[in-house]
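K.L.:
Listed below, chain by chain, are the residues.
Protein chains: 2
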Amino acid sequence: MTRVACAEFAPVVGDPVGNRRRVADWITRAREQGADLAVLPELATSGYVFADTAEARAAAMAADDVTLAEWARVAGEMSVVAGFCELGDDGALYNSAVVLHGGRVQAVYRKTHLWDRERLVFRPGAEPAPVVEVAGRRVGVLICYDLEFPEMPRSLALRGAELLVAPVNWPVVPRPEGERPPEVVQAMAAARTNRVFMAVCDRGGTERGQEWTRGTVVIDEAGWIVAGGDAATGEERLVVADLTLSRARNKAISAHNDVLSDRRPELYGYPDARGMSAG
Amino acid sequence: MTRVACAEFAPVVGDPVGNRRRVADWITRAREQGADLAVLPELATSGYVFADTAEARAAAMAADDVTLAEWARVAGEMSVVAGFCELGDDGALYNSAVVLHGGRVQAVYRKTHLWDRERLVFRPGAEPAPVVEVAGRRVGVLICYDLEFPEMPRSLALRGAELLVAPVNWPVVPRPEGERPPEVVQAMAAARTNRVFMAVCDRGGTERGQEWTRGTVVIDEAGWIVAGGDAATGEERLVVADLTLSRARNKAISAHNDVLSDRRPELYGYPDARGMSAG
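So the protein lines, in turn, are chains A and B. Position 233 of the first sequence, counting from 1, maps to 233 under full-length UniProt numbering, and the rest follow consecutively. Position 264 of the second sequence, counting from 1, maps to 264 under full-length UniProt numbering, and the rest follow consecutively.
Don't read these hints as lab results, they were simulated from the structure. One or more of the hints may lead you astray.
Said to hold, decoys possible - The calculated EDC-like cross-link candidates involving lysine to aspartate or glutamate, where the alpha carbons are at most 20 Å apart (straight line), are: (1) B/Lys-251 <-> B/Asp-220; (2) B/Lys-251 <-> A/Asp-116; (3) A/Lys-251 <-> A/Asp-262; (4) A/Lys-251 <-> B/Asp-116.
Using the sequences and the accompanying hints, generate a full structural model.
P.N.:
Structural data, given as structure tokens:
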């Protein structure tokens with residue numbers, strides 16, 4: 001059994017020192033709830049609505065920053081996936097997620113698909129999203145807009161991920177009365193399509209007039225919501241769910257069908273199929 | 001403006017002659033409603049729950065069968081997409097969909113992904129799902145289980161489809177109280193991901209104990225339901241919606257984003273990416 005805890009909290013733009021402490025506090029709260037894996041929002045260290053690139057740069061930290069080691073220490077035996085504003089070796093800024101376990105950084109993923117004005121601030125990642133094994137759990141990592149590309153969950157599932165984890169900042173978008181946030185519908189479909197669990201951690205608060213969906217959601221391998229998935233009304237919350245990840249290893253859905261081996265890539269006829277073999 | 005009408009009717013297994021007439025009748029009803037495009041269920045000519053292959057073979061017809069010409073005649077100016085049990089030139093049976101327009105057969109598509117015991121009866125298709133231009137509308141065709149593979153809607157969208165049409169037979173599957181049929185969630189996500197419209201025609205009735213979801217649904221390019229999408233309580237119905245298909249040509253979703261050109265296939269890292277370049 002795996003207990004996942006998503007910390008839908010409110011980072012404060014312009015307060016990077018405070019945000020690092022807030023992340024450590026939410027890691028502590030998740031650990032106190034007996035979580036095996038804590039998930040924190042996208043750009044948890046910096047906030048999202050930057051006045052300019054300089055503000056993002058002032059909040060950025062390198063992947064070997066002592067802050068990440070400190071979070072790993074606070075996490076103890078628990079694994080953590082958290083979004084942060086990364087300063088790369090190359091001097092560029094990245095919208096990244098770190099995977100922490102066993103007191104150290106296991107992986108850093110740089111967001112592949114940048115949303116809107118992120119393109120003016122960040123450089124897109126140049127490596128595929130990772131599948132990281134932590135404590136015997138095969139965890140795939142995505143960030144926010146990545147989820148809108150079904151190729152991304154598919155790729156992680158094909159590479160053995162049992163649980164997809166995604167730090168996100170979902171700005172509120174219009175939706176018909178009574179409907180779930182559209183990003184939640186998308187995540188439900190991705191889980192069902194690939195028979196993987198998903199834990200998506202949104203953020204709370206309001207930032208320079210931007211409201212957030214607060215749509216944090218944990219989904220099972222059949223595509224149904226286990227926790228969250230509504231738009232929360234409070235400012236901050238911990239969304240906790242207990243998952244049996246081994247169920248994601250079984251891709252059979254009838255006596256004759258398997259969601260992954262039933263694929264017929266030779267017939268998908270993508271115009272850029274040639275490009276897909278370059279990866 | 002395009003008026004789509006999905007005829008969620010109940011084919012009768014073992015009555016192929018009657019089913020051909022039923023299809024013609026529903027085409028007439030759709031036309032009477034002013035539809036530009038009528039969609040009929042998967043295997044509308046044969047029913048679905050075959051006692052054995054012989055029963056399917058007895059209901060099969062070739063793609064040049066006069067029945068299809070007769071349906072095209074009845075359709076008049078209207079386009080039609082209908083599922084039928086096809087006897088191939090090669091003597092094999094296919095779970096197919098025909099596209100009719102202008103008094104003749106425009107395309108026949110053979111289902112790519114076979115569900116469960118269909119594998120014992122049908123041969124899978126060997127050609128990519130088609131995008132067919134009828135009356136200036138770019139229509140992509142899928143059949144039922146094909147929809148569970150996000151590569152399929154993606155492929156059709158990349159090839160310019162504005163509206164995806166899918167004859168289906170959705171057997172009832174368990175779902176939590178208050179949830180939509182999971183196949184509808186899947187279709188909503190596919191529409192939103194690709195900014196395409198979708199018209200999915202399920203069937204009614206009960207066949208040899210098999211109940212059907214009756215989940216016929218029309219979805220707009222933002223992924224929201226325009227008509228249907230519930231599980232119907234009646235036996236048969238026509239689900240009608242008016243769509244502005246040109247909206248599907250605009251893939252921009254922010255000043256800096258486009259759902260198709262934002263793809264980064266070189267980073268999707270499919271293990272079978274090499275296979276994908278063979279199509």
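K.L.:
Each hint: holds or not?
P.N.:
So, going through the hints one by one against the coordinates:
Using a Cα cut-off of 20 Å, the hinted pair B/Lys-251 and B/Asp-220 holds, with the two alpha carbons roughly 13 Å apart. Of the pairs offered as hints, the one joining B/Lys-251 and A/Asp-116 holds, with about 14 Å between alpha carbons and a cut-off of 20 Å not exceeded. As the CA atoms of A/Lys-251 and A/Asp-262 are separated by approximately 10 Å, the hinted pair is consistent with the 20 Å bound. Annotation: proposed proximity of A/Lys-251 to B/Asp-116 holds, straight-line Cα distance about 14 Å (limit 20 Å).
When held up to the earlier numbered hints, the structure conflicts with none and fits them all.
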